[in-house]
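K.L.:
Here's the letter readout for the chains.
Number of protein chains: 2
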Amino acid sequence: MTTPYLTERRDELLRCYRDDLLHDVMPFWLRHGIDREQGGVLSALGRRGEVVDTDKAVWIQGRAAWMFGTLHNTVERRPEWLEASLSCARFLRDRCTAPSGKLYFTVTREGKPLRMRRYVYSESFAAIGYGEAFRATGEVEWRDRALAAFDLYVKFSREPGHIPPKVEPATRPTRGIGPLMILLVTAQDLRECVGDVVVRGRSLTDWAAVACEEIVQFFCKPDLKVVMEQVGPNGEVYDHFDGRLLNPGHAIEAAWFVLREARRRGDRVLARTALDMLDWMWERGWDREHGGLLYFVDLMGKPVQEYWHFQKFWWPHNEAIIATLLAHLHTGDAKYAEMHRKVHDWTYAHFPDREHGEWFGYLDRQGRVTTELKGNMWKGPFHMPRQKLVCWNLLEGRG
Amino acid sequence: MTTPYLTERRDELLRCYRDDLLHDVMPFWLRHGIDREQGGVLSALGRRGEVVDTDKAVWIQGRAAWMFGTLHNTVERRPEWLEASLSCARFLRDRCTAPSGKLYFTVTREGKPLRMRRYVYSESFAAIGYGEAFRATGEVEWRDRALAAFDLYVKFSREPGHIPPKVEPATRPTRGIGPLMILLVTAQDLRECVGDVVVRGRSLTDWAAVACEEIVQFFCKPDLKVVMEQVGPNGEVYDHFDGRLLNPGHAIEAAWFVLREARRRGDRVLARTALDMLDWMWERGWDREHGGLLYFVDLMGKPVQEYWHFQKFWWPHNEAIIATLLAHLHTGDAKYAEMHRKVHDWTYAHFPDREHGEWFGYLDRQGRVTTELKGNMWKGPFHMPRQKLVCWNLLEGRG
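Here the protein sequences come in this chain order: W and E.
Each residue of the first sequence is one higher than the one before, counting from 25 in my numbering.
Each residue of the second sequence is one higher than the one before, counting from 25 in my numbering.
These are calculated hints, taken from the structure and not from any lab test.
Treat the hints with care, as some may be off.
Note: identical chains are not told apart, hence a pair may lie in one copy or across any two.
Said to hold, decoys possible - Using 25 Å as the maximum straight-line C-alpha spacing, the simulated SDA-like pairs for lysine to any residue come out as follows:
1. Lys190 / Phe129
2. Lys190 / Arg141
3. Lys126 / Pro189
4. Lys366 / Thr195
With the sequences and hints as input, model every part of the structure.
P.N.:
Shown next as structure tokens:
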């Protein structure tokens, strides 16, 4: 499907998505990030790719294994992509796993443990990294590891008792949208690698359905036109800082995960909800004064406690570029073309480093770069190259 | 002692310190913050003093008990100050204490537990709050509680095993300057209330000496001209994000705590070190481009991972105003007068809310207000009014 907007911009967008991905972003990470001595990926890189910190983020090992693996498995079977993906998968397996089987959050360059955290996102990202390693090599060990990591993710994030809650549940029981979004996208991505297998009694498609259902049931509030980040056990809105805190980029990311699932199963009602999620959170997050997406906003327009709320982070922009493009392709609606144009243009005017390649990650409200880092414990080869790949696929009629 | 600088600015500074304290800041918190229904203080206040979140920060209960109590005990015996102080002290005692005796980090308005944290700053601030309650009332219960809270603080922060470390100590053992700074200032402030009593085998003065000694021994690096935030067990510098992370305002706060102790005991060598601490961290933290103190900088000028590093927070400016004024009074050196002028003028040009009173807490690098909040879980009636009181005392030749 194409549209006047996409006909007009197709070449330019392909340059930004396909060409930058292949010629700028992935080469940057291959050249500077992949650790040829110890394996895995070093993500704390300065403006020119110099290593600023050798400690390794475990999230990013899984995400890089996935990104390089996906490229190898779906774009072109390039040996350097395979090698990078497997290097990260092996580092995860051999150097990031605690005796309990749970993964650390950070380790040293060599893989000595630094931090263990309560939650299990390291596991979800490992699952998709191992999944791509299986798809690339056909070695069942990687499939088994992928399913075991997903199993642990589901167990910890859904069975009470495994993750000590931050806030006393007897006083204020809460549920967050984060674990459901990650359940959804992990089930989706893993399904591409290992097929629609059963884990903990449900197929991956059923886990994706559970996640969509609970996101809609507990976090989407049509009366308030909002996607909440944190609610009570039955979706109650808590009138406190944390309860009112909205993360528009995060909710917009959830919107395209849900829209993708709705399109796959031909569910028009769910697709409509996903479009609502995007509409609501665009309305709340887009900065009419300076452009770009605000990081946090308050449900009731009250001041936000988190003091970095006004900054423009790279990843919400990536998620909004995907969501608006997918929404435009799904509906043909010119409204989404206009939103895509806005967020694409603002993003590409502010984040890319024209001189040394890759992107800056953090801007102030006005769009000025606030740090020269190309990566850190949270920014690695993931949100931005994923956006480029997903959008390239969309422009080519895939997905 | 006076100086040409202070002679010239005395009236203006007294207006900013004494008059604003008495006529703007404390009335703001008395009117809007003190919770006349449930006791204690509500700190999450909007621009006009409206309550934005009713949850209560336990740190701030202790700090407000101290602030109001100090005013009552050292400035004037105003009943409303006493009442506010005791309201916070009672709320701490009755509604913030876990069955284990440890204090929570946040509770609901009524005092139901919300968050418990690993560390023990709630206890240190409770100690000084209870201390002022004792000084005001003479009731030994408050003295006993103050000493018990200090005892627990010392035990947890100095005996291994009570606070699970964030980073695996077998891989990278670390010590932070924070617990020593708080040990020092808590011992100092408590000594004013209960005298130089013995706790866990040492007098408060000896605890202050231990803190000064360890700050100098482990965190001050004359060769690098820096005060570190976090080092190895023997003061080793770790060349990683966290190891290189400097917080100039925090170190400048430490500098005046140390200088105050050095003056008290007539220790000229220690005073010289405190002045070095101030000099080094002013040099590293002062923003030559836009003025004000940067929140975080890197030891080696590398990029900082914490994405709010460039913001201007209120409290480092308060600490620098005290430190430069005390250094000027101690030395008579015009250099410190110039530093005081710079930080005072920048601070008072950017943070106060001329329309609705009190201060904004968070600015961007250029000095623009980024949130209208007057308080939150970290900002309450403490750093800023303490600065005004300490500086007023200094101008009057006290301290």
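K.L.:
State for each hint whether it applies.
P.N.:
Okay, the hints, checked on the actual structure:
| no. | hint | result |
| --- | --- | --- |
| 1 | Lys190 / Phe129 | both (17 Å within a copy, 11 Å between copies) |
| 2 | Lys190 / Arg141 | both (12 Å within a copy, 9 Å between copies) |
| 3 | Lys126 / Pro189 | both (18 Å within a copy, 18 Å between copies) |
| 4 | Lys366 / Thr195 | neither (43 Å within a copy, 47 Å between copies) |
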